[in-house]
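Turn these sequences into a full structure, and let the hints steer you where they fit.
For the protein sequence lines, the chains are Y, X, F, R, E and V, in the order given.
Residues 1 to 250 (the UniProt record's numbering) make up the first sequence, in order.
Residues 1 to 250 (the UniProt record's numbering) make up the second sequence, in order.
Residues 1 to 250 (the UniProt record's numbering) make up the third sequence, in order.
Residues 1 to 250 (the UniProt record's numbering) make up the fourth sequence, in order.
Residues 1 to 250 (the UniProt record's numbering) make up the fifth sequence, in order.
Residues 1 to 250 (the UniProt record's numbering) make up the sixth sequence, in order.
Errors might be hidden in some of the hints.
Since copy identity is lost for identical chains, a pair holds within one copy or between any two.
When the alpha-carbon atoms are kept at most 20 Å apart in a straight line, the in silico SDA-like pairs for lysine to any residue are as follows [unchecked claim]:
(1) Lys222 x Asp171
(2) Lys231 x Ser148
(3) Lys222 x Asp162
(4) Lys231 x Ser138
Rather than coming from a laboratory, the hints here were simulated on the basis of the structure.
Number of protein chains: 6
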Amino acid sequence: MKILLINPNTTEALTELLSEAARSVLPPDTTLDSVTAAVGVPYISTRTEAIVGGMSVLEILSERHADYDAAIVAAFGDPGIGAARELFDIPVVGLAEAGMLTACMLGGRFSIVTFAQALGPWYRECVDWHGLGGRCASIRMLNGAFRSISDVQCEKADLLVDLAMQAIEQDGADVIVLAGAPLSGLAPMVRDRIPVPVVDCAQAALRHAATLAALRPVGPQKGSFARPAAKASVGLPKALALRIAHKDCA
Amino acid sequence: MKILLINPNTTEALTELLSEAARSVLPPDTTLDSVTAAVGVPYISTRTEAIVGGMSVLEILSERHADYDAAIVAAFGDPGIGAARELFDIPVVGLAEAGMLTACMLGGRFSIVTFAQALGPWYRECVDWHGLGGRCASIRMLNGAFRSISDVQCEKADLLVDLAMQAIEQDGADVIVLAGAPLSGLAPMVRDRIPVPVVDCAQAALRHAATLAALRPVGPQKGSFARPAAKASVGLPKALALRIAHKDCA
Amino acid sequence: MKILLINPNTTEALTELLSEAARSVLPPDTTLDSVTAAVGVPYISTRTEAIVGGMSVLEILSERHADYDAAIVAAFGDPGIGAARELFDIPVVGLAEAGMLTACMLGGRFSIVTFAQALGPWYRECVDWHGLGGRCASIRMLNGAFRSISDVQCEKADLLVDLAMQAIEQDGADVIVLAGAPLSGLAPMVRDRIPVPVVDCAQAALRHAATLAALRPVGPQKGSFARPAAKASVGLPKALALRIAHKDCA
Amino acid sequence: MKILLINPNTTEALTELLSEAARSVLPPDTTLDSVTAAVGVPYISTRTEAIVGGMSVLEILSERHADYDAAIVAAFGDPGIGAARELFDIPVVGLAEAGMLTACMLGGRFSIVTFAQALGPWYRECVDWHGLGGRCASIRMLNGAFRSISDVQCEKADLLVDLAMQAIEQDGADVIVLAGAPLSGLAPMVRDRIPVPVVDCAQAALRHAATLAALRPVGPQKGSFARPAAKASVGLPKALALRIAHKDCA
Amino acid sequence: MKILLINPNTTEALTELLSEAARSVLPPDTTLDSVTAAVGVPYISTRTEAIVGGMSVLEILSERHADYDAAIVAAFGDPGIGAARELFDIPVVGLAEAGMLTACMLGGRFSIVTFAQALGPWYRECVDWHGLGGRCASIRMLNGAFRSISDVQCEKADLLVDLAMQAIEQDGADVIVLAGAPLSGLAPMVRDRIPVPVVDCAQAALRHAATLAALRPVGPQKGSFARPAAKASVGLPKALALRIAHKDCA
Amino acid sequence: MKILLINPNTTEALTELLSEAARSVLPPDTTLDSVTAAVGVPYISTRTEAIVGGMSVLEILSERHADYDAAIVAAFGDPGIGAARELFDIPVVGLAEAGMLTACMLGGRFSIVTFAQALGPWYRECVDWHGLGGRCASIRMLNGAFRSISDVQCEKADLLVDLAMQAIEQDGADVIVLAGAPLSGLAPMVRDRIPVPVVDCAQAALRHAATLAALRPVGPQKGSFARPAAKASVGLPKALALRIAHKDCA
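Printed below as a string of C-alpha cells:
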C-alpha cells in the first residue's frame, strides 16, 4: 500500500517531522511519500489560512491521487478534508480526525493541547465539523511566542506537559491529543510524564490511512460525498480544473 | 452607507439577479455596489467549490474592503464568511446567514428550499456551522436538471412552490427560505402562493448588512475573530498576501 | 413604514430610553411610536412578571396592531413574543431576539451582560426558547443593588464594562450583548472600552423590525404560528378577547 | 396531605374529569380539592391562551396556596409552572411534566398523543422547556373537529388508540402519554388495546404531587427558583399583587 | 401494593439504611420488602461493578418478581435497570432515576452530590443514559477516604453540606440530589442547612415505585422494552436462565 | 504484536467468522488469537444479554490480558467495553466502536444495517454511549426469522443489500456499517452492489486494535478510566475477583 502525506503548510521541516513520526509506526507492507505545499503560509493557524491550505490540498491531490491508496491531510484542522473526500476516490484522513478518533478508543473525553492561542478558534470549528464536540473535554493552548515553528516542540515540551496536566485535572480529560503538525513525534517522548494516554496525530493518521487502504472501500457513487458532476471553471490550477471537469485520467 | 455585494460565482447574470433583489429593499441612505468573482466556477454547489469561492471572497475583500461600510458574501453556503470576518474590520454577512436569521424572526423552524440535489450537503454544513440546526426543519431540493443557472427560477418556480408546500406540510416548516443566488428575487413573486412567510436571501442580506453598518460595531481586537497576527506567505493573490502580512493600508 | 415599540414595563422613563436608542438608527423612510404598559411592574425581571408583561403586550397589540407595519416587544426576555407572533399578522421582534441574532452576525459566540442577578434565570429560558444556547457563551450579571431603574446604566457603566471584559477573557465571548431595557443606548457609549463588538438591543430591534416590514412577509396561514381558530373567552381585556374571537376588524 | 388541583381552563366539566381521574389513585392519607379558572378560555390550546392560563394559575395560587401541601397545574402545557415554582413555597406539579416523567420510568422514549392539531406547537414548547426533547419520540395529534371538549375522549377513543399504534410502530414510542385535560381518565379504559404502557396525566400528577408533599422539600432560598424580592405593581389581581409585594401572610 | 427493594451491593447495613429511608414515606396501602445481593462487592462504584451488580439485580428479580407490584434497583447508577425493564413485567425504578426525576419537579437544574471521587464516571454515564444531561448542573464528589461505607453519611455530613453549597453557588444548582445508597436518610437531616430542595433517593424511589404500581401500566408487548423472545443459555443462574428461556411460571 | 479477539457469544462458529474476517486484513507484524465465551447465550441481542456478555468479557480478560498487546470485544454492542477499559492496561476495542469510527473517516453520516429487529434498542444505546448519535443516520434492521446464526449472512445477503440501499436513499447514509458478529466477512462480498463505502466491523476492529498496540499508549493513572482501587468481592469468577482485588500478577 502506498500512502501520500500532504503537508498544506509551506515549511519543509514540518513535512520531515510529520513523516518521521508517521514512519515510526509504518506497517511492513506500506510505503509513505510526502509533499509540501508550494503555495500558502509557513504554518496554517487561522480560518483564512485553512482556505488557502485547502486549495493546496486539492491541487496536490489532483496531481497525485492516482498513484496512492490513501492520503493524509497533515494539518490539525484538516483543511479541505470534506472537499478532498468528495472529489477523489481514495480514502483521505485528516490529522485532527485521526487523532481525535484514536482518542475516542482510549477513553471517554479527550483534550486537545497545542502550542499557540491563535489555533483555538480553528480547532474548535474542526471538532464541531467532525461532530465530536461531546467527546472533547477542552482545547488548551499555550500563551506566549515561540522561536521557530520547526523547533517549537522542544522549546515548549515542559509547558505542554503542564498544560496536559491541567486538562486532566481541571477539564476531566481521559486522553490528551497533542495537536498541530509541529508537535509530531512529541507524544512518544513525553508520554511517561502524562498519566493518561497521549495521542500523536501523525502516527494515528498514518495507521488509519493504512487501515482504510486495507479495507479497500469503494468510492461513493451516492450520498453526500459522491463525486460531483463535471463542471467548467476559470482560473484554477490546471490539475484541479481538469479533475473538476472530469477530464483527468482517473 | 456603502455596501459591497460579492458574488463568488463567476456568472455575471447572477450578480445582476442578486443586486436587483437587494436594491428592491435598499434603505434611502444606503448605496450598493457589486462584484463578480473572476476565478472559480459558474455556480458554486460543492465543498470543493466553496473553498474556491472562499478564496475569491478573500481576494476581492482584500482589494476593496476599505471603500465599504459592510459586505455581503452572496452565495448561500457563505463561502469564506468566517475567514472574512477575522481578516477584515467591516461587517460581512452571508446570504445563508441572512436568510436563516430572518426566518428565525418570522417563525419557529424554517425549511431551506432549493433547485438542485447537489446543493444539499454543502447547505447542511452551512446550517451546522451557524449553529442553527435546531431551527432548521429540513433542506429540500428539486431533482432533475435545469436549463440555465440564470433562468432556473423561472423554469422551476412551480416546482419550488410545490416543494415549499411539502416542507410546510410534512416537515413542519413555519418559514420558507428560498436558497441559492439563482433564486434571488423569486420570493416576492411566489409569496402569495405559499401559506407561510417566504424569505428572499438577497433582500435579507442587504438589510442586515445595512443594519450592521448602522450599528457601527468596533472590529474585534479579542475573541475568536480578532485579526490574526501578520504572517508571510507564498504564491497568494497580491492583495490577500498584503492583508495577511498587515502590509495593506487599512 | 410605521413601527410600534411596546414597553411591557410600566416605567415611562424606560420607554424614553428605548425610543431614543432606537431612533438613533431609524432609517429615513421609517417612523417609530412607543407605548408603555399600563398594567404590571416597573421592571420585569422574573418568570411571573414575564407572564404579566406578556399579557400587556397582547392587550396593547390587540388595540394597536392594525396601524403598524411591525412591532417590537421591548423587554429583553421577549415576553409574549410567541403568542404575539401567532395572534397578529404584522412581524413582531423581541429585544433579546434582535440583540442575539445581531450578535450572531458579528462573531461566533456572544455573552449577555446585564445589571442584576435576578434577571439570569429568565434570560436563560429566553436564550433556550430561541434555540440559541449553542451560540451563547455566558450570561453575566452584576451583583449588588442599584439606585434607580432608569439611571442604572450610568451608575453601573464601569462595572458593566468590567463584566464584559470577564465574559471575553473567561467565557470566550466574541460579541457582547448589553441586555435589558434599562441599558438601552449604553452600547454606543462604551464600545470603545470593549475590544469586541457590543450590541445595543434597542438599536438592533428597531433595525430588524424595519427590515421585516420592508420584506413584507405574508402572515402564516399554516405552520405553528398560523392564527388560531376563533374562541370565546371570559374576563379578558376587551380588545384581546375580540382578537381571540376573530371579532376585531383586522 | 392536602393537594389543590388547579384547572386553568374555564370549563367545570374538565375539572370534574381531572378530579375523578386523580381520585382513582389517591393515597389513603391524602385529600384533593379542585378549582376552575374564572378568567380565560374554555380550553387552552395556544401560546396566547397559555399566558392567560398562567395568569389564572398565579392568581388562584396567590389566594389559596397557604392551605395546601402541594398543587397541580392541570393543563398539559403546564401554563405558569415556572412562575408558580418561583413565587410559592409549596411544590407545584404540571400535568405534562407529571405525565412525561412517569413515562420516563416506564420506557426509553414516549409519544404524546392528543385530540387536536392546534395543541401541537404549544406542547412541543412544553417538552423543550422541561428538557425532555431527547426522550420524546413524537407528538401526534388527531385531525378533524370534535363535538364537545368535555366529551371528546368518548368521541375520539378509537381514533386515539389508532394514533397511539402509529406512534408505537412508526415513531418508536415505548410509552404513550395521553395528553390534555379532556383525556383524563381515558388511559385506564384503553390500556388493554395499546401494547405499551399508557400514562394518564391526571393520575400521574396526583401521585407526584403527593410524593413531593411527602418528601417535604424546603422551598428554595437560592438558585433560579428562589422567591424574587418584593416588588410594587399596578393593575394586577389583588392576591397576586400582594404576593409579589411580599405583603401576603405566607 | 407490595414493593421489593433490591440492594445490589453485598452490604446488609446499606439495605437497612435504604429501607429505613424508604419506609419513612411509605403510603398506608403499601408494603416494602428488601433483599441484599449475595454476589458482588460491598459497595458498587465502577463500571465493572455495575455489570456485576446488574447480574445480581437480574438474578434476584428472576427469583422474586412474581410476588411484587414494583421493584427498586437501590444503587445510584441504576445497574441493570434497562435489562430489568425489558425482562420483567412489573415496573422497576432506579435510585438515580427516582432522585433525578424528583429533582426535575423541584427546580430547573440539579446537582448530584456524593461522597467519593470513584463514583463520578459511573454516575455521569447514568445521567446520560437517562437523557438528563441538560438538567444536570454538575456532579460533585468529596475527596478523601472514609472509614466505613455504612457510616459515611455521619462522618461526612458537614463536608457534604459544604459541597452542596458549592454546587448551588458555583454550578447554579436549583436542587441537590444526595447520591449513593450510603447517603440514604441523610437528606431529611441536613435539609435545613441547604437553601434549595434536597432529594433523598431512597424516599423518592419508594414513592415512585408505589406510584407506578398504582397506575398499573400494562407491560410492553411492543417497543424497545418488549420482552425478548425465548433463548437458550449456558452457565447462568438458574432462575435467570429460566426467565430468559420463557420457562419460568410468570 | 499479539491481539486477542473475544467473542462474548457462546457460538464457536461466530468466532471463526470473526477471526477469518479479521485475518484478511492482518498486518504482517501482528498475530491474532481468539476465544469464545463459555457462559452466556448463543448470540447476544438484548440489554440483559449485554450484561451477561460483559461479565464474560471481563472474566476472559482477567485470565488472558497479560499475554496480549490489545483486545477486541467482538459483539456489535461492545458489551463491557467501558469496564474492560478501566480494569485493564491494554487497549480494548469494541466491534461497534471500530466500525463506527471507521465509517466516520469515510463519510459524514453512517447507517447501521443488521439482520434482526431485536438488535435495534441495544445498538441505539451503544451509539449513544459512544457519543456518535450525530453521525448516525439510522439503524435499519431486517424483519423476519432466520435459519441459523452462523449462516444468516448468506441467507439474508440480498435483503441486507436492499436495506442498505434504503438507508442510502431514504436516510441519507454516506457509509454503511454491517453490524453484528454474524455478518463478519460479508462487507467485502457485497461492496460492489452498494454505492457507498461498506464497513466490515471485524476487519475494522482488527486494524484499530493493531493501531492502538502500535501507538503504545500508557494505561491511564488518572481520568475516568484510571484503574479503580482494590476491592474485595464475593462470588465472582476467580480471575476477575483477583483483578478487582489487585491480587493478580499484572
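Open item on the list: For each hint given before, does the structure comply? Return the numbers of the non-compliant ones in rising order.
Closed with: 4
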